[in-house]
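The chain contents come next:
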Amino acid sequence: MADEDNPDSGGTVIGYERELADITGAIDRYGTGAPSHIAIVAEPMAGRTTLVAEIRRIYGDRVNYLPLEFVIMDSTVLDCSTYEGDIILIDNCQFLSTRKIGGFDVLDMFLRTQITSKKLFITTWNIHSWQYLCSVMNLDAYFPTIVTLNRMDMPVLKQVILSRYKPGEIRFLDEGVAERSMFFSVIHSTMRLPFTSAEISVPWIKLNFTLMLRKLPRKKRVQISLEDVILEKINRIAYGNPGVALMLWDESLKDNAISLSAITETPFSISLDTNESFILSVILSMESLHAKDLAAIAGSEMDIDRVIYRLVQQRLVRDNAGYYSIEPFALGPVTDYLRKTRRLW
Amino acid sequence: MADILLINSTEGLSAVTNATNLLSNSTEGVSAVTNATNLFSNVTSGLPGSASAANLISNVTSELPLKPIDTPLILNIISVIILAYILTYILSYILIHFADRISWYRPSLTMVIPLLKLLIYSVAFYYIITSVIELSLTQMIAFSGLFGAAIGFGLKDLFADIVGGIVIILEKPYQIGDKVTIGDKYGEVKNIGIRSTRLQSPSDEMVSVPNFTLFSQPVSSGNAGDLAMMVVIDLFVHPDSDEERAMKILRESLVTSKYVIISKKYPYTVLLEDFPFYKRIRAKGYVNDLRLEFEFKSEVTRRAWVEFRKSGIRPPTGVRAPGGGESGESLESVD
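If you read the sequences in order, they're chains A and B.
Residue numbers 1 to 345, in our numbering, belong to the letters of the first sequence in order.
Residue numbers 1 to 335, in our numbering, belong to the letters of the second sequence in order.
Any given hint could turn out to be false.
Claimed, not checked - Within a straight-line C-alpha distance of at most 30 Å, the following computed DSSO-like cross-link-like pairs (lysine-lysine) qualify: (1) Lys248/B - Lys156/B; (2) Lys172/B - Lys292/A; (3) Lys100/A - Lys254/A; (4) Lys100/A - Lys185/B; (5) Lys185/B - Lys67/B; (6) Lys185/B - Lys248/B; (7) Lys185/B - Lys156/B; (8) Lys172/B - Lys310/B; (9) Lys100/A - Lys284/B; (10) Lys279/B - Lys265/B; (11) Lys248/B - Lys264/B; (12) Lys172/B - Lys264/B; (13) Lys340/A - Lys172/B; (14) Lys284/B - Lys264/B; (15) Lys248/B - Lys100/A; (16) Lys156/B - Lys67/B; (17) Lys264/B - Lys279/B; (18) Lys310/B - Lys100/A; (19) Lys292/A - Lys185/B; (20) Lys340/A - Lys156/B; (21) Lys279/B - Lys100/A; (22) Lys279/B - Lys297/B; (23) Lys297/B - Lys185/B; (24) Lys265/B - Lys284/B; (25) Lys172/B - Lys156/B; (26) Lys265/B - Lys297/B; (27) Lys310/B - Lys297/B; (28) Lys265/B - Lys310/B; (29) Lys265/B - Lys100/A; (30) Lys172/B - Lys248/B; (31) Lys297/B - Lys284/B; (32) Lys279/B - Lys340/A; (33) Lys265/B - Lys190/B; (34) Lys292/A - Lys254/A; (35) Lys310/B - Lys292/A; (36) Lys67/B - Lys100/A; (37) Lys265/B - Lys340/A; (38) Lys284/B - Lys340/A; (39) Lys190/B - Lys156/B; (40) Lys340/A - Lys67/B.
What the hints contain is simulated information worked out from the structure, not anything from laboratory work.
Work the whole structure out from these sequences, hints included.
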């Protein structure tokens, strides 16, 4: 995430070194037998763009880059036979299908092209769209290498954020309090499932012993870093999403100084009916959808204008020139809500 | 207590009286009760085991340490019953409404409700008994024998229902929130009471099914405690129809539904079967909340038929497609 705006700036991808090593390892093994196609799977704003930029930087002209920005209706767009490089990198592959009758034809065509090609395909997917397509059409069977970008823990996020500044450039001010107990934090451990190569991210409670020690008598206290407390709050609000955390950091930083009181948390109280939940899950899965695509998915039975109005009015979705996406700070609450109501599987 | 009841009451307690008369006239077939009575009589009066059964019963009942039944005691008993009822009602209400808010775990929480009811009513029953009578172990055995005989011959249907309720609670053939078929009744289980189970039928009728039905009628649960439930959707098409196209449309109609849930635990399938005058396309999939069963069926059927018409797939001869003109009758089958 650190060098998201400049893919050619060099350096490593902070926080996703292991994931990058998995990808480069798979690419380096490519050349013998059928290519081991790669899927990079992540939540919105979780760092896919950074990883893609790094792959392009490392492999240069070998990579044919094809970013998708809207729903693809015509499969000829994906004709890769004329490309010169041996690696085809397609970004935002969730746009290859839509959740409607006839909405899987382009993806079917793409997968047929991919499995008959000698080129190596690296594809990136929204994690919710990926999980849906894996359930519906066993998408994971087409990708021997699946790299999932999990939510970040505070120490990694601290590295990501502070790597953008010189040492001592940021001042952490002792103003305000953390609204919640900092004695524990939720971390996400990666576990490999037995008998399969699949990895899952398991939420886990981590006790912050150093913070607990602050409650000890003064003589026994351990001085806790203020920046840890501040970054813990940012990470909690961002649900471990580095993109959201960076956005929150930038909003809270004033004149290279930041304090707990400057970090504001937007409360969300989500209450939706079936249609609204469904459309919200579709927008979350696709990341950005035009109104006409949403209308096609909703069908004639649903009043899509009313549904969109309700979602925008609750500040869960934002309108960007006719394209609808989830509000960044609502990503965590929306995901939790949709999981709880069984819209995300 | 039995003494008082037998002597002072001749109406409304005929079952108990009958049971006692039966005991006095018979020495076979009710050995457990007789033995218990004999034991009690030997202990309390020293009468020989060959004494008449009527004398034994008389001795048993005359020795029961009954408390005086006065107005405060009766009011106390009534208030305990009312309190138990209110408590079960409030707890059920709170748990059901809380369960609705936590979605995934709704069945797990509603499962507790019948257990709580049983516990509360058991405590209330125990409290009432002990407030009327103080029983020793041997007296308890004798009393249980009489009570059992009364149940067996007079109130057997009521207690069969109660036993059925206990079996439902312990064995869990279905739980509150399940979609079940009991005998020829189908609906969502809204309440499992001590005596009966209440179902909400698809037409929104409340059907009360005695718990004893569990022992005599087949019971099937569509979801077995899960929130998701498999739904079977059948569409019938003309035998000349493009069956591959029809299957693809129905499959996509199913997997893109707003009500569906799909995973390894909740798989889906689409099947074709050929009949003499039509082809049946059958889709099996899980609805994410069993309360939306019929909405799920309706949505998949409607969307599939819209696409069928666009693709030239017709219903069997003599049958109109839903929404295809004059008639909107569904083509779903009932096997």
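Okay, the hints, checked on the actual structure:
{"no.": "1", "hint": "Lys248/B - Lys156/B", "verdict": "56 Å, violated"}
{"no.": "2", "hint": "Lys172/B - Lys292/A", "verdict": "48 Å, violated"}
{"no.": "3", "hint": "Lys100/A - Lys254/A", "verdict": "46 Å, violated"}
{"no.": "4", "hint": "Lys100/A - Lys185/B", "verdict": "36 Å, violated"}
{"no.": "5", "hint": "Lys185/B - Lys67/B", "verdict": "47 Å, violated"}
{"no.": "6", "hint": "Lys185/B - Lys248/B", "verdict": "35 Å, violated"}
{"no.": "7", "hint": "Lys185/B - Lys156/B", "verdict": "24 Å, holds"}
{"no.": "8", "hint": "Lys172/B - Lys310/B", "verdict": "47 Å, violated"}
{"no.": "9", "hint": "Lys100/A - Lys284/B", "verdict": "18 Å, holds"}
{"no.": "10", "hint": "Lys279/B - Lys265/B", "verdict": "29 Å, holds"}
{"no.": "11", "hint": "Lys248/B - Lys264/B", "verdict": "20 Å, holds"}
{"no.": "12", "hint": "Lys172/B - Lys264/B", "verdict": "25 Å, holds"}
{"no.": "13", "hint": "Lys340/A - Lys172/B", "verdict": "25 Å, holds"}
{"no.": "14", "hint": "Lys284/B - Lys264/B", "verdict": "14 Å, holds"}
{"no.": "15", "hint": "Lys248/B - Lys100/A", "verdict": "12 Å, holds"}
{"no.": "16", "hint": "Lys156/B - Lys67/B", "verdict": "28 Å, holds"}
{"no.": "17", "hint": "Lys264/B - Lys279/B", "verdict": "29 Å, holds"}
{"no.": "18", "hint": "Lys310/B - Lys100/A", "verdict": "15 Å, holds"}
{"no.": "19", "hint": "Lys292/A - Lys185/B", "verdict": "45 Å, violated"}
{"no.": "20", "hint": "Lys340/A - Lys156/B", "verdict": "46 Å, violated"}
{"no.": "21", "hint": "Lys279/B - Lys100/A", "verdict": "24 Å, holds"}
{"no.": "22", "hint": "Lys279/B - Lys297/B", "verdict": "19 Å, holds"}
{"no.": "23", "hint": "Lys297/B - Lys185/B", "verdict": "20 Å, holds"}
{"no.": "24", "hint": "Lys265/B - Lys284/B", "verdict": "13 Å, holds"}
{"no.": "25", "hint": "Lys172/B - Lys156/B", "verdict": "23 Å, holds"}
{"no.": "26", "hint": "Lys265/B - Lys297/B", "verdict": "20 Å, holds"}
{"no.": "27", "hint": "Lys310/B - Lys297/B", "verdict": "20 Å, holds"}
{"no.": "28", "hint": "Lys265/B - Lys310/B", "verdict": "34 Å, violated"}
{"no.": "29", "hint": "Lys265/B - Lys100/A", "verdict": "23 Å, holds"}
{"no.": "30", "hint": "Lys172/B - Lys248/B", "verdict": "39 Å, violated"}
{"no.": "31", "hint": "Lys297/B - Lys284/B", "verdict": "10 Å, holds"}
{"no.": "32", "hint": "Lys279/B - Lys340/A", "verdict": "39 Å, violated"}
{"no.": "33", "hint": "Lys265/B - Lys190/B", "verdict": "26 Å, holds"}
{"no.": "34", "hint": "Lys292/A - Lys254/A", "verdict": "40 Å, violated"}
{"no.": "35", "hint": "Lys310/B - Lys292/A", "verdict": "20 Å, holds"}
{"no.": "36", "hint": "Lys67/B - Lys100/A", "verdict": "74 Å, violated"}
{"no.": "37", "hint": "Lys265/B - Lys340/A", "verdict": "17 Å, holds"}
{"no.": "38", "hint": "Lys284/B - Lys340/A", "verdict": "24 Å, holds"}
{"no.": "39", "hint": "Lys190/B - Lys156/B", "verdict": "25 Å, holds"}
{"no.": "40", "hint": "Lys340/A - Lys67/B", "verdict": "56 Å, violated"}
When held up to the earlier numbered hints, the structure conflicts with 1, 2, 3, 4, 5, 6, 8, 19, 20, 28, 30, 32, 34, 36 and 40 and fits the remainder.
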